[in-house]
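There are 2 protein chains.
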Amino acid sequence: MEGVDYLRDERSKAQFDVETMKVAWAGSPEAFLVCDRMAKLVANDPVFEKFSKPMLGRKELFKNTLRKTAHAWKLVNDLHLTEEEAKWLRHYIDEPSYTDLQWEMFVPALEGQGTEEQKKKWVPLAKTMQIIGTYAQTELGHGSNVQGLETTATFDRQSDEFVIHSPTLTSSKWWPGGLAKVTTHAIVYARLIIDGHFYGVHGFIVQLRSLEDHSPLPGITLGDIGMKFGHGTYNTMDNGVARFDRVRIPRDQMLMRVSQVTKEGKYMKSNVPRQLGYATMVSVRQTIVSDASKALSRAVCIATRYSAIRRQFGSRDGGPETQVLDYKTQQSRLFPLVASAFAFRFASDWLKLLYTDVKQRLEVNDFSTLPEVHACTAGFKSLTTAATAEGIEECRKLCGGHGYLISSGLPELFAFYVPACTYEGENVVMLLQVARFLVKTVSDLGNKQPVGTAAYLGRASLLVQKNCVVQTAEDWLNPIAILEAFEARAARMAVGCCQRLAEFKSPEEGFAELSSDLAEASLAHCQVIVVSTFIRRLQQDIPGRGVKQALEVLCNVYALFLLHKHQGDFLATGYLTPKQASLANDQLRTLYSKVRPNAIALVDSFNHTDHYLSSVLGRYDGNVYPKLYEAALKDPLNDSDIADGIHQYVQPILKQKLHSSKL
Amino acid sequence: MEGVDYLRDERSKAQFDVETMKVAWAGSPEAFLVCDRMAKLVANDPVFEKFSKPMLGRKELFKNTLRKTAHAWKLVNDLHLTEEEAKWLRHYIDEPSYTDLQWEMFVPALEGQGTEEQKKKWVPLAKTMQIIGTYAQTELGHGSNVQGLETTATFDRQSDEFVIHSPTLTSSKWWPGGLAKVTTHAIVYARLIIDGHFYGVHGFIVQLRSLEDHSPLPGITLGDIGMKFGHGTYNTMDNGVARFDRVRIPRDQMLMRVSQVTKEGKYMKSNVPRQLGYATMVSVRQTIVSDASKALSRAVCIATRYSAIRRQFGSRDGGPETQVLDYKTQQSRLFPLVASAFAFRFASDWLKLLYTDVKQRLEVNDFSTLPEVHACTAGFKSLTTAATAEGIEECRKLCGGHGYLISSGLPELFAFYVPACTYEGENVVMLLQVARFLVKTVSDLGNKQPVGTAAYLGRASLLVQKNCVVQTAEDWLNPIAILEAFEARAARMAVGCCQRLAEFKSPEEGFAELSSDLAEASLAHCQVIVVSTFIRRLQQDIPGRGVKQALEVLCNVYALFLLHKHQGDFLATGYLTPKQASLANDQLRTLYSKVRPNAIALVDSFNHTDHYLSSVLGRYDGNVYPKLYEAALKDPLNDSDIADGIHQYVQPILKQKLHSSKL
Ligand SMILES: Cc1cc2nc3c(=O)[nH]c(=O)nc-3n(C[C@H](O)[C@H](O)[C@H](O)COP(=O)(O)OP(=O)(O)OC[C@H]3O[C@@H](n4cnc5c(N)ncnc54)[C@H](O)[C@@H]3O)c2cc1C
Ligand SMILES: Cc1cc2nc3c(=O)[nH]c(=O)nc-3n(C[C@H](O)[C@H](O)[C@H](O)COP(=O)(O)OP(=O)(O)OC[C@H]3O[C@@H](n4cnc5c(N)ncnc54)[C@H](O)[C@@H]3O)c2cc1C
Ligand SMILES: [Ca+2]
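Keeping their order, the protein sequence lines are chains Z and Y.
Quick note on numbering: the first sequence equals residues 1 to 663 in full-length UniProt numbering.
Quick note on numbering: the second sequence equals residues 1 to 663 in full-length UniProt numbering.
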C-alpha cells in the first residue's frame with residue numbers, strides 16, 4: 001500500500017501552483033530551501049523518532065531528549081550549520097530542550113544587557129556550549145509583575161561581590177527551562193540592594209553547577225517543578241526551581257549595559273538608553289507570532305486532510321458518503337483557521353521588517369515609534385497565541401472521536417502550545433497594555449498625530465461619523481470597505497471607552513472598572529493591524545499561477561469571519577447596519593466554496609513532513625485507517641492478550657470470589 | 001502549618017449561608033448527604049490515591065485502576081451500597097473504568113432494548129458482575145452516522161444463529177470502553193441481513209472472552225486503541241478495537257424488544273413503540289448535563305480559590321499586592337463560568353423532571369412532546385459540554401503559569417472532559433438536529449402550536465415585532481425583560497433562517513448551505529431554555545439566609561454575560577438598540593461586584609473534597625505555595641541531584657568532547 005495517495009484527486013483540484021505557494025508561505029526561496037532541508041534532515045534521522053514519547057516515563061523522556069539534543073549539536077558542528085539552520089533544526093526536532101533557552105533567552109539576554117566586556121567574555125562560552133544557561137526571572141510568587149520579584153542581590157563592598165539570596169519561599173525561582181538538572185548558569189533577576197536601598201530589578205549571571213562534576217554549587221538548591229500538561233511537551237525539559245542561600249558572585253556578573261554598580265557601591269545609569277531593550281522585545285514577539293502561525297498550520301493541516309478522508313452521512317444509492325470537508329459547518333469552523341494561519345504568517349513577516357525599522361531608529365536615538373511598536377507587538381502576541389490555542393482545539397474537535405487519540409497528534413500539539421498564552425506576557429495583561437496605549441493615543445489626539453499601526457486613529461473624528469457604504473455581498477470583497485469597517489469599529493470602541501473613562505472620579509479607577517471593555521477595544525485595534533497587514537501583503541507582487549488569487553480569498557475569509565464573529569461590536573458602534581452585516585455573512589459562505597477546491601493544496605503549501613506533523617490523521621498520503629490500526633497495536637497494553645491485573649483484580653469479581661481475594 | 005485557613009477572611013465575607021447553598025446545589029438534603037458520604041469515603045481511603053497517576057506507565061496505570069475498581073466493588077458489597085450510592089462512589093473515584101460502561105451503557109441497553117425474557121436472563125448476570133459488558137457501536141469508519149455501520153449480523157436459518165462479521169478494516173469496532181482487555185460481553189451494533197436483505201442496524205449480545213480464563217473466543221480479535229489525551233483520564237481504561245471473523249451467536253441474543261427475527265427468518269416489528277428508547281436518551285443526556293456542571297464546578301472552584309490567594313501588582317506603600325480576583329478582567333472571565341456551573345446544575349435537575357414526564361407520557365402512548373424533548377436534550381448536550389470544555393481551559397489560563405502544572409489539576413480535568421463534546425452525539429451534529437426541529441416548528445406554526453421548551457415560538461409573530469423596553473441598567477435585572485430578549489432573539493433567528501431557506505431550489509440544499517447559520521439559531525434556542533430554567537428555579541421557594549439572593553445575582557450574570565457575548569445576534573435581529581445592549585453590559589459589571597464577596601463561599605458550596613479536586617491551587621485551605629513545592633519534589637526527576645543522562649549527553653558537550661563520545 002506504500003505509494004498510494006488517497007488525496008490525489010483533491011490535489012488535482014487545486015487552482016494554484018503549490019510549489020510557488022510554498023515559497024510564499026516560507027517567505028523567500030532561500031527560506032524555503034533551508035526549512036525544507038532541515039525538516040528532511042530531522043525526518044530521516046532515526047534518533048529524532050517521536051512516536052514513543054507518550055509511552056516513556058518522566059526520566060526516560062528527559063534522558064531521551066538529552067540524547068536528541070546532543071545529537072543535534074553534533075549535527076550542527078559536523079555539518080557546519082549556520083545559526084539560522086540550527087534554529088530550524090531545533091524547530092523540526094519538535095521537543096522543548098535546554099538549548100531553546102540557551103539560544104533564545106540566555107544568549108540574547110547577554111547580548112542585549114551585557115557590556116561589551118561582558119559580551120566578549122560570556123557570549124563565546126555560551127555559543128560554544130562551554131556553559132549552558134537559562135533565564136531565571138519568574139518566581140513562585142511573581143510572574144507578570146516583574147517589579148515584585150523577591151530574590152535579592154545585595155552589594156557587599158568589602159568583597160566587591162553581590163550576595164544572591166532567596167528570602168522567602170515565594171521568592172524561589174520557579175519555571176526556568178533547564179534549571180533543574182542541566183544548566184550550569186542562569187541569568188537571575190533580583191532586586192538590587194546597596195546599603196539598604198533598593199534599586200529595582202536587574203539581571204545577574206550566576207553559576208549554578210560545577211563544570212567539573214555538574215553538582216549544584218554550595219548554597220544553591222535546585223529541583224524539578226514536576227509534570228506539566230501533555231505527555232512529551234514540556235516534560236522533555238526540566239523546568240526548575242532554585243533557591244539561593246547567600247550565594248556570592250563577583251560584581252562584574254551584574255549585567256551592566258544600562259546601569260552599573262561601581263566598586264564604591266555607586267549605582268549609575270549609563271548613557272545607553274533603556275529603550276535599547278525594545279528591539280529584542282520586537283524580535284522575541286516576532287518569533288512568537290511566527291510560532292503561532294506554525295502551530296496553527298500544523299493543526300489545520302491535520303484537520304483538513306482528515307476531513308477530506310473522513311466520510312459520514314449523505315450516501316445516495318449506496319454510493320460513497322459525503323466527505324465531512326463538504327459540510328458548511330465543517331468549513332465555517334476550519335477555513336477561517338486556515339486563513340488565520342496565513343494571516344499570522346504574514347504578520348510575522350511584517351514584524352521582521354518592523355524589527356529592522358526599530359533597530360535603525362534606535363541607532364539614531366529616535367524613540368518616537370516605540371509606544372506604538374510596544375502596543376502593536378503586545379497585541380499581536382495576545383491575539384495570535386489566543387487564536388492559535390483555541391484553533392488547535394477546534395481542529396481536534398473537527399476530527400471527531402479519533403482526534404482524541406494521541407496518534408492524531410492534536411492533543412500533544414494543544415498541550416504543547418497553550419502556555420504561549422501565558423509566558424512572555426500573559427495575554428490579558430498584554431491587552432491591558434495595549435489599552436493604556438489606546439487611551440493615551442486617543443486622549444492626545446488634539447496634540448499628537450498617531451503613527452504606524454495607530455495612524456488610523458488620527459482619522460478617529462471621521463471614522464466615528466462615516467457609515468459603511470456596502471450595498472451588495474460583492475462589495476465586501478473590496479479591501480477598502482473591509483479595512484474601513486475594522487478601523488471604524490476599533491476607533492469607535494477606543495473613543496467610546498475614553499468617553500466613559502471621563503465619568504469616573506480618577507482615570508485609574510475608571511481604567512480598573514472598564515478594563516474588560518478596554519481589553520475588547522484593544523482586541524479590535526489588533527485586528528485592524530492583522531487585517532491590514534494581510535491586505536498590504538497582497539498589494540505586493542506575488543508570483544505563481546493562481547497564488548495571489550487563492551490568498552485573496554483567504555484574506556477575505558479571515559476578515560469577514562472576524563466581522564461575523566464580532567458582529568456585535570460592528571453593530572453596537574453603529575458603523576454597520578444589520579443588513580450589511582448579513583451581506584458580509586453571505587459573502588463569507590460564498591468564499592468558503594472558493595476555498596474548498598484549494599483546501600488540500602493550501603495545507604500542502606506548509607510543506608510539513610509527516611515526521612513533523614506526527615499525526616496519523618494528517619498523513620500526506622491520507623492512508624488513515626490502516627495506519628491508525630498500526631499505531632494502536634504498538635501500545636504496551638497490546639503486549640499480551642490477557643493484561644496484567646486481569647487475574648488479580650477482574651477474575652475474582654467475575655467468579656464471585658472477591659470477598660476472599662486479596663486486593 | 002496544618003489547620004491554617006488562608007481563605008478564612010474570604011469565607012467570612014459571604015452574604016449567604018453556605019450550608020444551605022450546599023443543599024441547593026446538591027438538589028435535596030438527601031442528595032447532599034449521599035454525595036457527602038461517598039466523597040469522604042473515597043477521600044479517606046488510601047487505595048483511591050490519585051497523585052501518582054501522571055507518573056505511571058500505561059500498564060501500571062491500567063492495573064492500578066483495575067485494583068481500584070475491584071476495591072470499589074468490594075465496598076459496594078461490604079457496605080451494602082445502593083445503586084445510587086455506588087454511582088456516586090464511582091464518580092468520586094474519578095477514573096474512567098469498565099464499570100462505567102457496565103452500569104451506564106451495558107445494563108441500560110439490556111433493560112431498554114431487551115425483551116422481558118432477555119432482561120430476566122442477562123440483567124442479573126450483569127448486575128452481579130458475573131459478566132462484564134460494553135457498548136460496541138462506533139467503528140473505525142463510522143461514529144456519528146450509526147446507519148452507516150458496516151459490521152454485519154447475518155441470520156443462518158440452518159443453525160438458528162447470527163453470524164457476526166467485520167467485512168472491512170473500517171468495520172472494526174473502535175472506541176468501546178473496556179473492550180480491549182476487560183469485558184467479557186458486548187452489545188455489538190450490526191446491520192442485520194436475512195436472505196441477502198438488509199434490515200437496518202440492531203444490537204446483539206456477543207460474548208467476547210472465556211469466562212474461565214479470559215482469553216478471547218475464537219474468531220474474535222481484540223486490542224487496545226492506544227493512548228488518549230491526558231495522563232490518567234481515559235488511559236486508565238482500555239478503549240478497544242474488535243474484529244469478528246464469522247462469529248456465531250444464538251438467535252436469541254439479538255436484542256428484540258422493538259423488532260424480532262423469528263426462527264423462520266421473518267423480520268417483525270413488535271407492537272412496542274420504537275419511541276420507547278427516548279426515555280433512556282433523556283436520562284443519558286440528563287447525566288451529561290449534570291456531569292458538565294460538576295466538571296465546570298471543579299474548574300471554577302480551583303480558579304476562584306487560587307485567584308483569591310494569588311496577588312500580583314497594585315501594592316501601595318509596600319502593602320500587599322492586589323488579589324487577582326479583584327481585577328475586573330479576571331472577574332469577567334471567571335464569574336460567568338461560576339454562574340454557568342449553577343445554570344447547568346439547575347438545567348440537569350429540570351431534565352430529571354422532564355424524564356419522569358416523558359416516561360409517564362410514553363406509558364400512555366402520548367408521543368406528542370417527543371420531537372420537542374429530543375431537540376431540547378440534544379441542544380442541552382451540545383451547549384453545556386461545549387461551554388464546559390471551553391470554561392475549564394479558561395480557568396486554567398486564569399491561573400497563569402502555575403495552571404500549566406499537572407499539580408494544578410486543570411490540565412487533567414480538561415483532557416478528561418473534552419471528549420464529552422464528541423461522544424453521545426457530536427456537538428455540531430446535535431445542533432443541526434435542533435435546527436431541523438426549529439425549521440419544522442416554524443414552518444408548521446400555522447397548523448400546530450409548539451409545546452414545552454418551544455412554546456415561546458408560538459408567539460413568534462409577536463416576538464419578531466415587539467422591541468425591548470429597557471431604559472436603565474436596573475431594568476436588566478427584571479427576569480421578564482431578560483427572558484423576552486432571549487426569546488425574541490431566538491425566534492427572530494429561527495424565522496429569519498426559514499425565510500432564507502425558502503429562497504433555495506430545495507429545502508435540503510438550503511439547509512446544507514445555511515447550516516452554519518442554522519447552528520447559530522439552534523444555540524440561541526438552547527440558551528432560551530437554559531436561561532428560562534434558571535429563572536424558573538428561582539421562582540421556587542429557596543430557603544437559607546441570602547441563598548436565593550446570591551443565586552439571583554448569578555442568574556443575572558449568566559443571562560447578561562450571554563447577552564453581551566452574543567450581542568451581535570441581539571442587535572442584528574433588531575430587538576435591542578445599541579444603547580440597551582450597553583446598559584446590559586453596565587449592569588453586568590455591577591453584578592460582578594455583587595458576586596465578589598460571595599465568590600469563595602459560592603465555590604465552597606460545591607462541597608468538593610481536596611481529594612476530588614486534586615489540585616494544589618484549589619486547596620480548601622489556600623495553602624498553595626508550600627504545597628506546590630511539596631508536590632514538585634515528588635517528581636521522579638528529583639530522585640537524584642545529577643539526573644540520568646547528564647554524564648552521557650551533557651558533560652561531553654560542556655567539555656567539548658562531543659565528537660569523540662558515543663551517543
Ligand atoms: C511552559 C512555561 C515555561 C516557562 N519558562 C520560563 C522561563 O524559562 N523563565 C522564566 O523566568 N519564566 C518562565 N515561565 C513563567 C512565565 O513567564 C509566567 O508564568 C508568566 O509570566 C505569567 O505569569 P504568572 O504565572 O505570574 O501569571 P499571573 O500574573 O499570576 O496570572 C494569573 C492571572 O492574573 C491575571 N492578572 C495578573 N496581573 C493582572 C493585572 N494587572 N490586571 C488584570 N489581571 C491580571 C492574569 O490575567 C491571569 O489571569 C514559564 C511558564 C510556562 C508555563
Ligand atoms: C473517550 C471516548 C469514549 C468513547 N466510548 C465509546 C463507547 O464506549 N462505545 C462506542 O460505541 N463509542 C464510543 N466512542 C465513540 C464516539 O461515540 C464517537 O467518536 C462519536 O459518536 C463521534 O463520531 P465520530 O468520531 O465518527 O465523529 P465524525 O462524525 O467523524 O465527526 C468528524 C467531524 O465531522 C462532522 N460531521 C459529521 N457528520 C456531519 C454532518 N452530517 N453534518 C455536518 N458535519 C458533520 C462533525 O461535526 C465533526 O466535526 C467514544 C469516543 C471517545 C472520544
Ligand atoms: Ca505518561
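Hints in this document: simulated from the structure, not taken from any laboratory.
Treat the hints with care, as some may be off.
Because identical chains share one entry, a pair is satisfied inside a single copy or across any pair of copies.
[To be verified] With a Cα cut of at most 16 Å, we get these calculated EDC-like pairs of lysine to aspartate or glutamate:
hint, residue 1, residue 2
1, K657, E212
2, K127, E212
3, K359, E111
4, K59, D641
5, K121, E212
6, K294, D36
7, K63, D639
8, K121, E321
9, K63, D644
10, K655, D45
Remember, predicted model here, so these are calculated numbers, not experimental data.
Results of checking the hints against the structure:
Taking the closest pair of Cα atoms, K657 and E212 come within 16 Å of each other only across two copies (13 Å); inside a single copy the shortest separation is 60 Å, beyond that limit. Taking the closest pair of Cα atoms, K127 and E212 never come within 16 Å of each other, the shortest separation being 19 Å inside a single copy and 65 Å across copies. Taking the closest pair of Cα atoms, K359 and E111 come within 16 Å of each other only inside a single copy of the chain (14 Å); across copies the shortest separation is 73 Å, beyond that limit. Taking identical chains as interchangeable, the C-alpha atoms of K59 and D641 lie at most 16 Å apart only when they sit on different chains, with a minimum of 13 Å there against 28 Å within one chain.
In this assembly of identical chains, the alpha carbons of K121 and E212 never lie at most 16 Å apart, being 20 Å within a copy and 73 Å across copies at closest. Within a single copy, K294 and D36 get their C-alpha atoms as close as 14 Å, which meets the 16 Å cut-off; across copies the closest is 48 Å, which misses it. Within a single copy, K63 and D639 get their C-alpha atoms only as close as 24 Å, which misses the 16 Å cut-off; across copies the closest is 14 Å, which meets it. Taking CA atoms no more than 16 Å apart as the test, K121 paired with E321 passes in neither setting, with 67 Å inside one copy and 39 Å between copies.
Taking identical chains as interchangeable, the C-alpha atoms of K63 and D644 lie at most 16 Å apart only when they sit on different chains, with a minimum of 6 Å there against 27 Å within one chain. Taking CA atoms no more than 16 Å apart as the test, K655 paired with D45 passes in neither setting, with 51 Å inside one copy and 25 Å between copies.
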